[in-house]
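Enquirer: Since the structure of chain A is provided, determine the placement of chain B on it from the hints.
Quick mapping for you: the protein sequence lines, in order, are chains A and B. Here my numbering is used: the first residue of the first sequence is 3, the next is one more, and so on. Here my numbering is used: the first residue of the second sequence is 109, the next is one more, and so on.
Just so you know, the hints here were simulated from the structure itself, not pulled from any lab data. The C-beta atom is built at its ideal place from N, Cα and C for all residues, glycine as well. Take these hints with a grain of salt, some might be off.
Stretches of chain A that chain B covers, calculated by requiring three or more beta carbons in the stretch to come under 8 angstroms of a beta carbon on chain B [stated by the list, open to error]: (1) 362–369; (2) 387–394; (3) 433–447.
Here are the computed lysine to any residue pairs in the SDA-like style, where the Cα-Cα straight-line distance is at most 20 angstroms [to be verified]: (4) 662(A) with 192(B); (5) 142(B) with 662(A); (6) 189(B) with 384(A); (7) 203(A) with 269(A); (8) 515(A) with 593(A); (9) 395(A) with 197(B); (10) 139(B) with 498(A); (11) 187(B) with 379(A); (12) 189(B) with 667(A); (13) 139(B) with 175(B); (14) 142(B) with 504(A).
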Amino acid sequence: MTNQIGNYSLYIALFASIFLIFQSSNSIRNKSKNLDSKIFSALSVQSLMVLISFFSLIYAFVVSDFSNETVYNNSHSTKPLFYKISGSWGNHEGSLLLWLLVLTIFLFIFFISSKKLINSYRVLTVLFQELIIIGFLLFILFTSNPFLNLFPIPKEGTGLNPILQDPALAIHPPILYIGYVGTSIIFSSSLAALVCGMVNKIWANHIKKWIIISWLFLTIGILLGSIWAYYELGWGGFWFWDPVENVSLMPWFCLTALLHTIIVLEKRNIYQSWTIILSIATFSLSMGGTFLVRSGILNSIHTFANDPSRGIFILCFLLLLVLLSIFIFFIFQKKLLKNLSNSFLVSKETAIIVNNWFMMFFLSVVLIGTVYPIFLEVINGSKISIGPPFYQKLIVPFLIPFLLFMAVGPKLKWIKDNLSKINLSQIILFIISIVISYLLVKLYGISYLLILPLFALAFFLFFLTIKDFFSKESSLSQKVSHFGFSLFILSILFNGILAKEFSSNMKVGDERKFINKIIKFENLKIVEKNNYKSLIANFKISDEKGSMNLNPEVRIYNQPRTLTSEAAINSTIYSDNFIVFNVIKDDGYYNVRYQFKPLMMWIWFSIVLISTGGILSYLKKMIKNIKFIIIILFSLFIFFIFFKGLEKTNDYLPENNLNKIETNLFFKNLYGKNEILLGELIDKNSFSIINIWASWCLPCRDEHAYLLKLKNINGIDIIGINYKDKKSNATEFLSDLGNPYYQVLIDLDGTKSIELGAIGVPETYLIKKNTVLKKYIGPLDNTKFKEIIEIIKNEKN
Amino acid sequence: MKKIKLVLYIFSFTLIYLNNLNADNSQQVDKISKNLRCLICQGQSVYDSQSDFALSMKILIDNKINEGKSDEEIYAFLKNKYGEWIVYDPEISQNTILLWVIPLILFIFGGILIVRKVSIK
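One chain only, chain A, in its complex shape (with noise of 0.2 angstroms):
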């Protein structure tokens, strides 16, 4: 029933959308000065019906109505409440659904609260925007429907990936997505203020809202995504340069530098081609975003639902906006007015316009490095990972003259100013931030060459800002942001200089001693949960000053079968003391990390200030067709390389290069003491399989069979390498199976089968004369079967 009611919901809100689109056009085209309360009818019934269907959907979550494929899909009958309804946007179909009700609430609220400027601007504004929701419309009920029947209505659903039962992960998406799908309204209100000639500071002033609004949930949704990542992916870092990451900080670095730039428009009537470019150019990141995360393009901790058809989608949808929003901005741009007067390098207008250059290059250093491996993979088939090496040493140089400009800058006067007034009491805090700096990097013992300029300009920033709240000029949002910025580099700069990280297997019982500390592994329970297990270990660290105890957990969930280890934090505001803990196979011993992190509360609380500033300002209340034929080619470009990437599978693969087999190994054997060299093992003339295998991996039984058949071939040695495996359980497997192994080696820790170019159980290489043939990663099948008879007959021939 739920279904049916979500579904036409969402039918009604089409046809809404196509009238509104009709409507809003006809509007347009008769200049009618009246606004028709047609439009206003017709946005409310929309708004409505995809509340309603968003609310169906989550009805249906809450009360596990599993004839819905979504709910049966993501949802379980055990779950507690919270995550039953956070498990409706957790979702590939239930978020998309979200990013719609989002994006018609937006409109609609727009649309009242911009009653005070020309009809023209706000009928073009919900065009725009009603074409940007008929395409997610249409592609969430052709492509990803959330209403889907199943039949015969199933007893039990499979569950929700429990990394995502986190509380900061069931609030992070709808926040990210505000901020998200605010830009669009950004977008489509920059494209009409164009076309009515209206991108002045009336305009700057109505939008900077809009921007202010997305930038905020953007910001925090970041934060909630890194916090998410530090508490529950268990690594103890909080930002890893991954590919979602950073598509979430495209958009972000655009938008900064758009809440720069509208400012200056509204003050002072210029960049108004650059403002637009910007307001493109942030819809397209959010969307593009949205593009490389759901097609699987990407490779990523956070991959939601891999589907090619669903990234064509987008992709074509992606393409047809931006193509859209360069005719308009060509055609219409000659309205804008021409910067009549420049404006002199020191003033306030130049430093805003250095901060735009700066995030710019942030941004194209996150955007190069995270689409590079894709074009390079289409291009010439090469494939390379880039990760945080990669973006620090390009970002952190950079910070240095960028730090010295946000401190600079807002002191600057707007037009004219000149630098001679600079006073003595900035030369005195910018020497103490020397002092302080070099003899931070004398106590420490640092190296790094950059540490030094980083800490004095951070602590300058942080000077000046407190400096600043004692006087009146510039808007109390701007302070509050840039100090809370400069609190941000001081805490990553010292989290990074003093964190120091331990690892060990350890078992109960077990007492480690780093630096000063004293860690002791003082017992292990078991704990039976409604949907899960939970292993629940006591550490003991103790030094001179006291000892705490801290208890990380390893879940063991049901539905779906997962471990998920749950670190144990201790956070003071002085520093966090981190512990983790893993299961490893060799019985009693457990794989412990131990991280003491300095000023991590201070990382989160500097954003929190940053965004602060946000919420502060709220509540005070084609130039020659060559450049635009090179542009349209440019993202046809873009997109063929794209949709080529959609191909490309972004599994590990073996290359075919490395086609001999190192021989030089030595191997204990499973049926006896003495050491066998491998290279004495392999014919030396004809046909050998090696076979990497192991009992407890369910495939590996799986493919016995074909093994077993492979056997009685003439002239083939099957030589298996056991891994990582107990010596019981492999005779018994054997035994229980049938052995068709001529040989069988133990590789003990695994190094062996990596130095064979393995990575993982089950593994075959077929060979001739110590050369690979043919590698197959996963069980052997039915085709993969008659390969390899089909290569050694022809072989033989």
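Expert: Then chain B, alone, in the frame of chain A:
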């Protein structure tokens, strides 16, 4: 030479079984494994992953360090086995030169644009 290598192999393997991970190497192992992609995981480094592959990889790195291999030799060994895909920090090469250069070019370009727009008086 081969015999010495062999003795070293056996020696280092037994050593590891005797006292698990060699504590002296752990920092270097951490450093290297942070820069390696866990091939069977989604976007995790070997350091962060607890998969079998990653655990073995850490032992292997430890072994290689005990053999006296330098960081570069270990990276080279792994790249030879698994390709460039495994390292997170791409070297400057024919394939990656643009990666490093584009952002810098854009930065310089932006600077020129600003200087041209702003009148210096």
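Enquirer: Quick one: which hint numbers does this structure break? Sort them smallest to largest.
Expert: 3 and 5
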